[in-house]
Amino acid sequence: MSLLQVKNLVVEFPSRRGTLRALDDISFDIAPGEILGVVGESGAGKSLTGAAIIGLLEPPGRVAGGEIVLEGQRIDQLGFEQMRHIRGRKIGAIFQDPLTSLNPLYTVGRQLVETIRTHLQVNDAEARRRAIDLLKDTGIPAAEQRIDHFPHQFSGGMRQRVVIALALAAEPKLIVADEPTTALDVSIQAQIIQLLKRLCHERGAAVMLITHDMGVIAETCDRVAVMYAGRVAEIGPVHEVIHQPAHPYTGGLMASIPDMASDRERLNQIDGAMPRLNAIPTGCAYNPRCPRAFDRCLVERPDLMNAGATHAACWLHDAADPHRGQGAVAAQHQRERAAGERAAPDAAQPLPEVQP
Amino acid sequence: MNAVLQSQQQGQGTGARVAGAQPLVVAHDLAKTFDVSAPWLNRVLERKPRTLLHAVDGVSFEIEAGKTLALVGESGCGKSTVARLLVGLYEPTRGGMHFDGQDAHAAFKTAEGRKLRKRIQMIFQDPYASLNPRWIVENIIAEPMREHGILTERGAVRERVGELLKSVGLSPLDMAKYPHQFSGGQRQRISIARALATAPEFLVCDEPTSALDVSVQAQVLNIMKDLQRERGLTYLFISHNLAVVRHVSDQVGVMYLGRLVELADKRELFAQPRHPYTRMLLDAIPQMHATGRARTPVQGEVPNPLSPPSGCAFHPRCPHANARCSAERPVLQQIGGVRVACHAVEEGRI
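Protein sequence lines, in the order shown, are assigned to chains A and B. Take the first sequence: its letters are residues 11 to 366, numbered as in the working numbering. Take the second sequence: its letters are residues -8 to 341, numbered as in the working numbering.
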């Protein structure tokens, strides 16, 4: 039984020039205690997915279709008041900028106590004791004194720890973490990721980790969803998605990241840019940039389908299609190419033509 | 002071001769101090002393023609200040820079300075803020040429702008468009084209790809490498991303709180980092092929640069620190083929 199910979610932004479909038919689920990474380039819709789940879509954005089910309860249709009880209690949220997630006028203690008392039946003293424990757990030194400090008295890394404490305050089952380390320096980033991973593991909370950093995903997540132009391009166990990507976009994305382990003269680049929402190509949204696109990709939109260890929205993996074999062949080539590049730095041969 | 400077310069001179090439850019003991004191009235009434921020505190390096030196470090370590010092946007508090044998900061003030500025250009981090939104691309790229009087005749300027756009992978037809019509990566290519307009030899790139997505970052990095190969450009590349640095650079300088803690050949630095801070940085990068890797990151944060720790600025976070590290500030010195500022390395403790 999964903790969170997102089924065929559609998010639209009505505008004067027509309705923009920002999320188009997204489905995935998160098991209890699991860390699901959501990765993609800016504009792919990762943050929007998170916002839709916590019910914080900014108007005029709205859920136009599909459902979001948390512990068997449908939460996408709830009113603002009902949703307030779910946010914090069942779903905690961590955002990118720790300074704007905290109220600068209140001490961190007051913000923590308020959150705890809103959701749990405890008195003030007990709430304060819990708040101190939370701050200690998140690695804030001298928590008894620091609890009465204001957010501006904390450094960036410490603030993000406070935000994590705040997200965990009412013991939610799911944490939506939207780029929690992007605003932080690398050394702090490593600390925060470790902390998030440890705390959620200890408390059995599942995490939806939204980031554009593949390295963070690789080290932290159990499964990963790769998003492109408002759709899930590929989803599967993190190791398989990174090392045997089934979708050409995932493969291209992985190869374009400068890697500490390889000495390539040139990075693999994906030409072009992600389409704008008002100009999403017909068929597969990736087809103008895809080196392996064929006729069908231009006209028919692929849904997620079985692709070996992962699920990919790519016709190369369609079992009922004569092109079927190509999928496996493509994956094989990708592996060979990756291996070849690691061995010989300048081996940048084009992919051999594949006969169907 | 002067004797120290001279000996440093001599040292660098001999080092360069051994390498067989004259360095194009030589920074010696570069320092920049900012006065961040409270307003005068507050200082008088509240008896607050002047506060000085040593953003860059004695940084020396040299870059050979056609090579890339990368500066890495966390925010607030002074890497962008170094960039601004090198292009003459800031006046150094101490030390200076020699470009192609002449004292650049002295030359910037004279009439000769314009000629020098033409040879040194800069690419900024944010391609959204560094292009004038009211100008068409043609004017953006042509401005440096007009400013320096390289080309003034309209047809010739257009032709040159078209060539520059082509060299960064854009179409000459794009010159009639405005910056908002381009994506982030395309805008950064326009900034590169603008920087190339005066045919410079030395490009200072301040985090040129950190505002970009990875697939677009790859496009921009590839273009920068191609241009370097074709035109023999020399780069100072500033970044906080070690994987990017590893991809583009020949030499790497690691900065911490305004000082260089390690300066080494790229291969050397990544294969065998000496300074504990370099090791920590390398260990902190999340790695793609290490799925599910568990590690213990170094604790602590960068201290406030207004009140840096005594001795070695890294000692409060350093696992190898001892009494000497908290008392005496290590200087950058040649140890085993690399330059490193660390007592522990010097004493052979690590």
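Hints in this document: simulated from the structure, not taken from any laboratory. Certain hints may be false.
Stated by the list, open to error - Selected chain A positions facing chain B (in silico; Cβ < 7 Å):
| hint | residue |
| --- | --- |
| 1 | 51 |
| 2 | 130 |
| 3 | 132 |
| 4 | 134 |
| 5 | 162 |
| 6 | 163 |
| 7 | 226 |
| 8 | 228 |
| 9 | 229 |
| 10 | 270 |
| 11 | 276 |
| 12 | 283 |
Stated by the list, open to error - Below, computed lysine to aspartate or glutamate pairings styled on EDC-like, alpha-carbon distance capped at 20 Å:
| hint | chain 1 | residue 1 | chain 2 | residue 2 |
| --- | --- | --- | --- | --- |
| 13 | B | 216 | A | 181 |
| 14 | B | 109 | B | 91 |
| 15 | B | 216 | A | 81 |
| 16 | A | 207 | B | 138 |
| 17 | B | 216 | B | 192 |
| 18 | B | 168 | B | 192 |
| 19 | B | 216 | A | 275 |
| 20 | A | 146 | B | 138 |
| 21 | A | 17 | A | 39 |
| 22 | B | 257 | A | 124 |
| 23 | B | 257 | B | 198 |
| 24 | A | 183 | A | 134 |
| 25 | B | 157 | A | 124 |
| 26 | A | 183 | A | 154 |
| 27 | B | 58 | A | 212 |
| 28 | B | 58 | A | 275 |
| 29 | B | 257 | A | 273 |
| 30 | A | 146 | A | 124 |
| 31 | A | 183 | A | 328 |
| 32 | B | 58 | B | 217 |
| 33 | A | 183 | A | 158 |
Glycine included, each C-beta is placed from N, C-alpha and C at the ideal position.
Measure nothing beyond the straight line between the CA atoms of residue 216/B and residue 81/A; if it is 20 Å or shorter, mark the hint as holding.
At roughly 52 Å apart (the allowed maximum being 20 Å), residue 81/A and residue 216/B break the hint.
Quickly compare the C-alpha distance for residue 109/B and residue 91/B to 20 Å and report which way the hint goes.
13 Å, holds
When you check the alpha-carbon spacing of residue 257/B and residue 273/A, does it fall within 20 Å?
With a Cα-Cα distance of about 12 Å, the restraint between residue 257/B and residue 273/A holds, given a limit of 20 Å.
20 Å Cα cutoff - pair residue 168/B, residue 192/B
28 Å, violated
Given the hint that residue 58/B pairs with residue 212/A, does the C-alpha gap stay at or below 20 Å?
49 Å, violated
Taking 20 Å as the top limit, are the C-alpha atoms of residue 58/B and residue 217/B close enough?
Given that 20 Å is the threshold and the Cα spacing comes to 13 Å, the pair holds.
Would you mind confirming whether the straight-line C-alpha gap from residue 183/A to residue 328/A stays at or under 20 Å?
36 Å, violated
Holds or violated: residue 157/B to residue 124/A, with C-alpha atoms at most 20 Å apart
Distance of about 59 Å is beyond 20 Å: violated.
Next item in the hint list is residue 130/A. Is there a CB on chain B closer than 7 Å to its CB?
With a minimum Cβ separation of about 31 Å from chain B (threshold 7 Å), the hint on residue 130/A is violated.
Hint status (Cβ of residue 162/A to nearest Cβ of chain B, threshold 7 Å):
14 Å, violated
Are the Cα positions of residue 216/B and residue 192/B separated by 20 Å at most?
14 Å, holds
Would the pair residue 216/B and residue 275/A pass a check requiring their Cα atoms to be no farther apart than 20 Å?
Satisfied, since the Cα-Cα distance of roughly 9 Å is no more than 20 Å.
Checked against the numbered hints given earlier, this structure breaks hints 2, 3, 4, 5, 6, 13, 15, 16, 18, 20, 22, 24, 25, 26, 27, 31 and 33; the rest are met.
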